[in-house]
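The task is simple: from the sequences and hints, build the whole structure.
Residue numbers (our numbering), protein chains in the order written: chain A, 1 to 199; chain B, 1 to 199.
It is worth saying that the hints were derived from the structure and are not from the lab. Please read these numbers as outputs of a predicted model, since none were measured by experiment. Wrong hints could be hidden among the right ones.
Claimed, not checked - If you want a taste of the chain B side facing chain A, the calculated C-beta under 10 Å gives, among others:
{"id": "1", "residue": "S21"}
{"id": "2", "residue": "L23"}
{"id": "3", "residue": "T37"}
{"id": "4", "residue": "S41"}
{"id": "5", "residue": "A48"}
{"id": "6", "residue": "Y54"}
{"id": "7", "residue": "E66"}
{"id": "8", "residue": "G105"}
{"id": "9", "residue": "L107"}
{"id": "10", "residue": "F139"}
{"id": "11", "residue": "L143"}
{"id": "12", "residue": "A147"}
{"id": "13", "residue": "E149"}
{"id": "14", "residue": "I185"}
From the three backbone atoms N, C-alpha and C, an ideal C-beta is built for every residue, glycine too.
Spelled out, the chains give:
2 protein chains.
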Amino acid sequence: MNQERISRQAAFLTESDKLKSILRRTLLTDGTRRENTAEHSWHIILTAMVLREYAAEPVNFERALEMLAVHDLVEIDADDTFAYDAEANRTRADRERRAADRLFGMLPSDLGTKLRALWEEFEAHQTSESRFANAVDRFQPLLQNLATEGGTWRIHHPTREQVLRRMDPVRTALPALWPLVEGAIDQFFTSTGSGQTKP
Amino acid sequence: MNQERISRQAAFLTESDKLKSILRRTLLTDGTRRENTAEHSWHIILTAMVLREYAAEPVNFERALEMLAVHDLVEIDADDTFAYDAEANRTRADRERRAADRLFGMLPSDLGTKLRALWEEFEAHQTSESRFANAVDRFQPLLQNLATEGGTWRIHHPTREQVLRRMDPVRTALPALWPLVEGAIDQFFTSTGSGQTKP
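Written as C-alpha cells, this is what we have:
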C-alpha cells in the first residue's frame, strides 16, 4: 500500500523534471540563452524570500512558497504562453486545465488535490498569497529585462501600456517596488522612443 | 534609504541568476544535458512538498523550504563540487565560505545574516529541518539516476559503499523511502557487476 503511494509520488517527481525543458521568452542575465520554467520557479521563490517585507497584506508565507513552486507545472504539457501573445492566451486556460488533470492526477488523490488547489489559487488572484505570488512572478522577469537591455521588451515590442498592465500586480501587492518598476519602464520606452501606443 | 535597500535586494536577485549557469553532474531524465543548480533547487523544493509526510521528525516546513532555496547559492562562486570527487571536497568548505561572504554580503545585513544562517544550518546537519533538507537533496538525484540507467553512477563509477554512504541521510530522515533507495542501488550494482568495493 505504502509502496504504491511512494511509487506514484516518485513517478510524479520524475515527470516534473520535464519543466526544466520548457523555455520562457525571458533571457538569462548574461544573454546566452532563454530561461526555463524550472529555474524561473526557483528564482521567484528566492525573490519572495528577499522581498517579503514589502508585501502589502499579511501573507501565509509557507503557502506562498508552495504556490510559487507549483504555479507553472502545467507548462510541462501546455508549454509557456508568452504574456504578450494574445492568440495563445485565448487557448491557455483550456490547455492548462487538461495539463493539470494529467499531472496532478499522477499523485495520490489527497496530495494531487492539495497541489492543484495551490495552482488554482495562484491563477484566481483572490487571496493575499496569490496576489503576493503573482507580483513576485511579474517582478523577477523585470529584473532579467533590466539586466539585458530590455530583454523581452526589446525583442518582442510590447507597448508601454501592455507592460504597465502586465506589471500591475506589483503596484498593488508590492507597492514599495513600484517606483523601481515605473522607472525601469520609463527609461526603456524613452530610450527606444517606442513609448507611444501603437496607432 | 528605502531605495538603497531595495537596490541591494535587486542587485542580489540579479546576481543570483548566475546559479542557472552552474552545472551539476546529474543528468535530466531525457539524458540531453546536465542539470543546473537553479533548476535542481526548484526540484528539491517540490520533492520536499511531495515527500513531507515521511519526515522522521517534526519539521518547520517554511524554514526547510527556505533552506532548500538557498543551500547551493554559494556555487555561483565556488562551483558545484561532485559528491564523489575527494580532491575537490577537500577545498570545498573554504571556497564556499568565501562565496558566502561575497554573495550574502550583497544584501542588507539583516537579510544577509538570515539567509547565510539558513545555508550554515543546512551544512551543519544539526536540526531536524537540516536533516530533512539534506535527505531531500540526496533523494532527488537518485530519482534522476533511476531515470537515466544509473546516470552519474554509470558515468563516474562510485562504489556501492560510496553511494550507500552518500544516501545515508535518506535512511535516517526519510526512513520510509529507504527500501526504494536500497532497491535502486542493489539493482544498479547487481546489473553492472560493479557491486564490490574496489580492491
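Hint by hint, here is what the structure shows:
| no. | hint | verdict |
| --- | --- | --- |
| 1 | S21 | holds (7 Å) |
| 2 | L23 | violated (12 Å) |
| 3 | T37 | holds (9 Å) |
| 4 | S41 | holds (5 Å) |
| 5 | A48 | holds (9 Å) |
| 6 | Y54 | holds (8 Å) |
| 7 | E66 | holds (6 Å) |
| 8 | G105 | violated (14 Å) |
| 9 | L107 | holds (7 Å) |
| 10 | F139 | holds (9 Å) |
| 11 | L143 | holds (5 Å) |
| 12 | A147 | holds (5 Å) |
| 13 | E149 | violated (13 Å) |
| 14 | I185 | violated (15 Å) |
In this structure, the hints that do not hold are numbers 2, 8, 13 and 14, in rising order.
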